[in-house]
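Following the hints, put chains B and C in place on chain A, whose structure we already have.
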Amino acid sequence: MSAEPVLEIKNLNVDYGLGDQAVRAVRDVSLTLHRGEVLGLAGESGSGKSTLAYGLTRLLPPPGVITGGEVIYHPEKGDAYDVLGLSDKGLRDFRWAETAIVFQGAMNSLNPVHKISTQLTDVLAAHEPKMSAHSRTARAREMLKLVGISADRMDAYPHQLSGGMRQRVMIGMALILQPQVVIMDEPTTALDVVMQRQILGQLIELRERLGFSVIFITHDLSLLVEFSNRIAIMYGGRIVEEAQAATLYKDSLHPYSAGLLGSFPALRGPRRELTGIPGSPPDLKGMPSGCSFHPRCPKAFDPCADTIPILGHPETPDGSVRTVACWLHPASASLKEPVS
Amino acid sequence: MTIPTSSIEQVIPEQGAMAQPDATPPGKAKRSRFRFVSSGKALTGIVILGIYILFAIIGPWVAPYAPDARSKDLVSPPSGAHWLGTTHLGQDVLSQLLDGTRTVMVVGLAAGAMATILSVLIGVTAGYLGGGLDESLSALSNVFLVIPALPLVIIVTAAAPGGGAVLVALIIGATSWAWNARVLRAQTLSLRRRDYIEAARATGEKTWRIILFEIMPNLTAIIASGFVGTVIFAVTSEITLAFIGIGADTGWNWGTILFWAQSQQALAQGAWWWFVPAGLAIAFLGTALSLINFGIDEFVSPRLRSAGKTKIKTASGHTVRMRVGFTPVLKSTTATPVLRNTSSKEAAK
Amino acid sequence: MKYLLQRIAFYLFTAWAAITLNFFIPRMIPGDPVKSLLSRFQGQMSSQAIDSLYVLFGLDKNASIWEQYFDYWKQLFHGDLGLSFTAFPSPVSEVIGSALPWTLALVGITTVISFFLGTGLGVLAGWRRGSWVDGLLPATTFLSSVPYFWLGLLAIFLLAGPNSIFPSGGGYTPGLIPAWDQYFIPSAIQHSLLPALTILISSVSGWILSMRNMMVTVAAEDYITVAHAKGLSEKRVALSYAARNALLPNVSGFALSLGFIVGGTLLVEIVFSYPGLGFLLFRAVTAKDYPLMQGIFLVITISVLVANLIADIAYLLLDPRTRKEG
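Protein chains in written order, with full-length UniProt numbering: chain A, 1 to 340; chain B, 1 to 349; chain C, 1 to 326.
Same shape as in the complex, but just chain A (with noise of 0.2 angstroms):
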């Protein structure tokens, strides 16, 4: 896999609100996309991963708002840029042709009122002007054929189609200008198991085929496992470790980490005894000190509570990168030197 990378999230903050009021929901991630590569983003439910996604597209509804960072695009032609700093028409052109989404809740993404068709057409109509009717309908119709639905469903409404077949026409969507990154925000998560595996199968096999790259978002991190190369797990808005997907799932390094994975039961392997993890996850309004997951956290000790553990860059037998936040491995943080 190549290390280019083509998107980077450097510095993000997102917070809900103005003033005191605000809710910092997404503080100091950086983060890389290489191009090519499945990311996978997990965490339980308010860690901020997804307000980390609609963030760097500027999606996040009023209150939200993004106080700081950068979201460096690199284009396959041409010079990269800060998507945060784009006018709404550069945005807007940004949208969908460069990074499209595929949205958690396959029920609510479709407009309830019109047909498949012209939901599917309109991304061609306010992107490619220049195409006629004729050549966006067939356009539409081969990209229902890519995910798999027959081209007469093209008049269906969504009420009409099932939530399998609902998520395979917006990931038919979000290919059709041909992205180079794309979204997944829970992608499954309201589908059976077996349509999960099936359409995330799918879904992989067309990465290979088309070239894209995908930030992969979900809580069920055993998906992640088994589908994304790279995986960075959040907590109270931080990522807290970031490895190799294998590596991850073998030797985490974060007990947060630890937790998660000792949370579902093992793909492969021996049988583990399932635990979950003690407590529920911090209210973004009233964040713990120090390292925010020490409340829960069954191995936290003195500094925990009081400062906030550094990302580190702990050494790996295979010498790829992995980065942990933990004051269990400080150690690791003096390998390498602060980049301001």
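The hints are simulated quantities; they were obtained by calculation from the structure and are not laboratory data.
Being a predicted model, the structure only gives us computed values, none of them experimental.
Quick reminder that beta carbons are idealized off the backbone N, C-alpha and C, glycines included.
Be a bit skeptical, because a hint or two may be false.
As the list claims (entries may be wrong) - Computed, partial: chain B to chain C, Cβ under 7 angstroms: (1) Val143; (2) Leu145; (3) Val146; (4) Ile147; (5) Pro148; (6) Ile155; (7) Ala158; (8) Ile246; (9) Leu267; (10) Phe275; (11) Ala283; (12) Gly286; (13) Thr287; (14) Gly325.
Below, chains B and C without anything else, positioned relative to chain A:
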């Protein structure tokens, strides 16, 4: 196998893609049920309504003249003796207005109360008990909803001669409950499917206890807003009735003033003082009640609240509007220096 | 189709209920006011006309209530609503027939314009919160609290007069003969301007407010976020996605509140002496012309039911989810 106390599977998925932290947690709803008073709109409405209620009580006593006392000043404009002028018989308009406040308020509130009681009985019963009873009660509400209410009230009142204010209130109340019953039925239906109600039923709790202690407290806001809405309708209806000359024997009410103003050519005589004050009195009462209802609506669905600050200044001095689809970017906070992943670009080098 | 049939069945049921109500109301009047009116017109009336009023008002005490009810329906099917006392000796159906077109033109057209205008402004207010349309809301609240007829009084006082283009009352210039010609039509339009404006101003605010609230609610739906994410133009997101969906509850609201609105707007006719059903109802009430009152109530109710059915068909066309195949 130990049971996880909080496995991630158990965590309720965020509501829709855009769970916002501004939703009131359910636990707090109970204590703050009447917090809508704190909204500026509702408070303004309540203060104005309070003034009207005050005049309903003291109005007839503070009125400078008897409402039908004649004088020699016929159709005279406002003066020191008659602050709001006089009618064609020299009656004092201000006194008529003050005297009429009581009738208007009593009929409005009584009709509102009656319609509210009917709507709760019919709506909650239909929604909770369901089945054939629900279907017939819903059909009944829909029939009353679709039949034009005001003409119905007119022909019923006209057919019942000699009826006083009480009869007018009864008739208005009996014909205006349908909308609220419909809303209450829908809400009860959705409440009935909630877990805690199902649980109460499963444990054999008596139906009347569930309705009274589990369902009703959650309907307070809707019942209140329905009551206020019906009072608006009742006040307008009774004034309209008096204006077209039905139920004139209910004593002075603002509609009676308008009836005489219209029939004695107040317009042609340019006697604006004769009909303007009564209309304004109705309009301010209606506005006050509407404001209270907005307060309740915004309390029930926070999305309707005016977003407070909708415009914000960015660091570069631009003003950005909060809007759906384009999250504002403020690059004011300087990123705290942290040790972070070496940029991949550098790693690639 | 099933949906439509259900609606039609419901309206037939409602019509039956309204007619039955109309049958029972006069039977609850104590003292037989109709009888005293009848005795006044004795001798001028044919025995057949007297019979018909006996059936309508249940004056024949020898017949059982079922016989009376049956006769009542039989008479309705012949279009016989009795004789009007105010317009004696014209039958009620004839009197109503001459007033109905005026009301259909004034109230019908104005209500439809008000709905579209209010919905349009509501889309703006809901989509751009904090814009000038939002600033309009307090004023519209005030206006919607004013009884329609009082606003009419004010409009006449302020705008009408001998030197104004707005006549202060009536449906057309006295002396003209109602016909589809170049003298009558302009005069009728000129006379309807001020009443129409009055109805428009007082009824539009309700639509603005309900559409605004629906827009605000719909704007938080996932498919709106998707539409933004697709990079569609602002106009397309606002109209084709948000407004198109927000319109649905507003249309069904339109159907449900027609009964309320029509009641209020009819009274505007009184103030303007406009020759429609509202003014006729007023005259009937003043003269205690019970047959006319009953007839007007029936006609208004049936018209509202038909309007409701049209609104339902519109909803059917707008919402694909109600259009089930088969």
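Comparing the hints with the structure gives:
The closest approach between the C-beta of B/Val143 and any C-beta of chain C is roughly 5 angstroms, which is under the 7 angstroms cut-off, so the hint is satisfied. Among the interface hints, the one on B/Leu145 holds; its C-beta lies about 6 angstroms from the nearest C-beta in chain C, closer than the 7 angstroms criterion. About 5 angstroms separates the beta-carbon of B/Val146 from the nearest beta-carbon of chain C, less than 7 angstroms, and the hint is met. Interface hint status for B/Ile147: upheld, as the beta-carbon distance to the closest one in chain C is roughly 5 angstroms, under 7 angstroms.
Interface hint status for B/Pro148: upheld, as the beta-carbon distance to the closest one in chain C is roughly 4 angstroms, under 7 angstroms. At a threshold of 7 angstroms, the smallest CB-CB gap from B/Ile155 to chain C is about 5 angstroms, leaving the interface hint in force. The closest approach between the C-beta of B/Ala158 and any C-beta of chain C is roughly 5 angstroms, which is under the 7 angstroms cut-off, so the hint is satisfied. For the restraint placing B/Ile246 at the interface with chain C, the shortest Cβ-Cβ distance is roughly 6 angstroms, inside the 7 angstroms limit, so the hint holds.
Interface hint at B/Leu267: satisfied, since its Cβ lies 5 angstroms from the closest Cβ of chain C, which is below the 7 angstroms cut-off. A hinted interface residue such as B/Phe275 counts as satisfied when its beta carbon comes closer than 7 angstroms to some beta carbon of chain C; here the least separation is about 5 angstroms, so the hint holds. About 4 angstroms separates the beta-carbon of B/Ala283 from the nearest beta-carbon of chain C, less than 7 angstroms, and the hint is met. Annotation: B/Gly286 was flagged as interfacial toward chain C, and the flag holds, the nearest CB pair being 3 angstroms apart, inside 7 angstroms.
Using the Cβ-Cβ criterion of 7 angstroms, the hint placing B/Thr287 at the interface with chain C is satisfied: the shortest such distance is roughly 5 angstroms. Nearest Cβ of chain C to the Cβ of B/Gly325: about 3 angstroms, under the 7 angstroms cut. The hint holds.
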